[in-house]
Structure formats: C-alpha cells, structure tokens
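Chains as they are written, first to last, in the numbering used here: chain A, 1 to 194; chain B, 1 to 195.
If you are wondering where the hints come from, they were derived from the structure by calculation, not from laboratory data.
Please note that the accuracy of each hint is not assured.
Here are the computed distance ranges between Cβ atoms for each label pair [what the hints assert, rightly or not]: (1) M124/A to F52/B: 48 to 54 Å; (2) K109/A to N70/B: 43 to 49 Å; (3) F52/B to L117/A: 51 to 57 Å; (4) V180/B to P46/A: 42 to 48 Å; (5) L62/B to G181/A: 36 to 42 Å.
So, partial list: chain A residues that the calculated Cβ filter (under 10 Å) puts toward chain B [claimed, not checked]: (6) R6; (7) V15; (8) E18; (9) P26; (10) M124; (11) G128.
From a predicted model like this one, the values you see are computed outputs, not experimental measurements.
The C-beta atom is built at its ideal place from N, Cα and C for all residues, glycine as well.
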Amino acid sequence: MKVSIRKLVTMTDEVRLEMGQVISPPSRRSAAVAVIRNPYAGRFSPNLDELVEIGEELGALLGQRCVAALRVQPSDVQSYGKAAMVGEAGELEHAAAILHPKLGAPLRKAVERGAALVPSSKKMGGPGQSLDVPLGSKDAAFVRSHFDGITVQLNDAPHADEILVAVAVALGGRPNARVGGLSYEDVEGKDGLR
Amino acid sequence: MTEIVVLRKKAIFVEEIFHEGGPRAKVPLRRAAALAVIKNPFAGRYVEDIAFFMEDLKPLGLELATDIINSLGGDAKVVEGYGKGAIVGSAGELEHGALWHVPGGYSMRELLPLSNAIVPSTKKIGGPGTRLDIPVTHCNASYVRSHFDAMEVGLNDAPKADEIMLALVMTTGPRIHARVGGLKASEVKGEDGLR
Chain A
1 MKVSIRKLVT MTDEVRLEMG QVISPPSRRS AAVAVIRNPY AGRFSPNLDE
51 LVEIGEELGA LLGQRCVAAL RVQPSDVQSY GKAAMVGEAG ELEHAAAILH
101 PKLGAPLRKA VERGAALVPS SKKMGGPGQS LDVPLGSKDA AFVRSHFDGI
151 TVQLNDAPHA DEILVAVAVA LGGRPNARVG GLSYEDVEGK DGLR
Chain B
1 MTEIVVLRKK AIFVEEIFHE GGPRAKVPLR RAAALAVIKN PFAGRYVEDI
51 AFFMEDLKPL GLELATDIIN SLGGDAKVVE GYGKGAIVGS AGELEHGALW
101 HVPGGYSMRE LLPLSNAIVP STKKIGGPGT RLDIPVTHCN ASYVRSHFDA
151 MEVGLNDAPK ADEIMLALVM TTGPRIHARV GGLKASEVKG EDGLR
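Take these sequences, add in the hints, and give me the full structure.
Laid out in structure tokens, this is it:
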C-alpha cells in the first residue's frame, strides 16, 4: 500500500428511539476513518497522483471496515458518503485528490454496487475538529429519506502533516423520515438519480 | 423500586493505533468504547432515593461490555485496560452519573477474566457535543504505568437535558510508545488489584 496510516477508527451508531417513536428496525450507520501522512505537506506540488492512488486504497479499506463494523452483508448497505479534513500544512485540493478521482469505485465494490454519486465534504482542520460526512442513497441520489450526515471527530488528528479521511454508510434512511420525495422502494436505479 | 431503562441510541467506537511518530507497532493498540444514551428518570427535580436504579442498569452494562468485546473480535482475553464514564444532561445532577459506578464496573469485571483493579472513572454535566475524557488503567493492577491511558468520547446529539450518556472503554495494551518505566504488566502479582 502507498498510504501510511497512523491510526484507523471505526464507529457505529444505532438509534432505537427518536422523539418518543420506537425505530424498528433500529437505524444503523457506521463510519471508518483513517489518519494518514500527507505526502505533499508543506510544499506545493502541481501533481497530486500519490493522493489519488491513496484514495483508491482507502475507498476499499474504509468501505470494507464500515460494512464489517455493522456485521452485515455489503448488499445490506443503502447509503454512503465520504469526507476528508486536511491538516494545516496541506491544502484543500489534497482532500479533492483523495476523494474524487478514484475513491468511489472500490467503495462501490465494498457495498456491492452504487449507481449514485457518493456525496462528499471537505475542509481544513486540526486535532479535535469535527467533520460531518454527508450520506445519500447509493442507488439513487434523489431518495429524500436517505439524505443524512454523520459526525466524526478525533481529539488527536489531523496533525499538520496529516489528512483525516472518512467513509460512512447506513443501512437505511433517517429515523422518522417523513418529508416526502422519492422513496427507496420506488428507485429505478438506472441513472443514479431516481 | 424500579425504573425502566429507556434507551434512545447506542454508539461503538474502535480505534486502532499503529504509531504515534515512533516505530510502527507489530501489534497495534486498540481502544474501544461503547456509549448508551438513556432517559434520566430523575431529570428536572430532586429525588432522594435513586440508588435502586443501579440494579436496573446492570443489563445495559452487560450489553455495552459485550458490545465492546465483540467489536474487539469476541475474545475477552485481549482486553488489558478499562475505564468508564458518564455525562449527565443539564436537567440532572452529577449524582445521577454516579449511578453508573456499580453497573458499569460490575459488567466489565464480570466478563473480563483478570480484573481485580478498580475501574477508573470520570463524570460531568454536559450537553449535546460535550466530550468526555475517560481514564483507563490496567484491569488487574492499577499501578501498571504503561497502561495509564484515556479515550475521548462524545456524541453530537447527546446528552439532551433529560438524558444520561453512559460509557465503557476497554484497551488491548500499553500506550503505543510507552517508555516511562514503573510497574510492568509482566510483573503484576494480581492479588490486591494494585500491583
């Protein structure tokens, strides 16, 4: 692997009750986070190929970790998302190099398939800052019940020369979702949108 | 007296630490935490008799301890350190967090084979997003210096004013670059929970 990882973190959450309503089955989500060395920290490089390759490696690793943490089959996953927070000696474009060119294909494989765009966010930050990873349906971006987000936060990362990379998945939509729009059951799943 | 434990959500965190600027460890250190967000049955008023709730919390303690062990692969023998903590929402009092001492500690010591040491703990009043640094020590001998550690936990949406966030933490070894001497894990006598 090209990537140099200092630590890996997985988290799962499970909502059983929301505003007095029993959520059955419980809403379950997970996130996997890698804290990696930024090979371009402290210098401008016109070419960011190393981060592009790292993104490909992390799409597989973090996608698989998300599924494993929930103890489910890849096909059970309905939503996904990704995000990165770049330490202060890097630049926002480093997050883009990890997230956008190559991370998506191996992530889709880790959750069996995914026709929809993987929603993403990115920012610069330091140790202890929180990063909100957006979530959306993996089959059709317009599924309104599945628009969601999960917060990841590590007190000791990212250092100046590091990048925190996160992938998140969910087994369903928001608890008590009730604002209409395309439902997961009605997805055609052809164009990634509807 | 008895109260039903109303559980809103659970969360499990697992950290796997390979290095911290020094040599890469052959076996990474793992830290895991399980969190439960429950309704505080005593929120918003002063209740004198609260101690009975410790008994009601015991099944939840066992559930969280089991969740952590499962998240570490299912073998309790890999666990070498532990700790516990609670954040009480703002309509409660610190004493409500103290209800976690017995069920939180009991559950981990019930499941971990060598656990003579007191379970270190911390607690505070807080709101959604409040972070808690949970102290960690060796499970069988509190003085093992390499295993003094801590894990920060928190949830952006908890605890609400009328909730309590309960947490348990387990670790699988010493700090990743432990090198400040003291009693070693290999030297533990394991008789008094201290050395």
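Which hint numbers doesn't this structure obey?
-> 2 and 10
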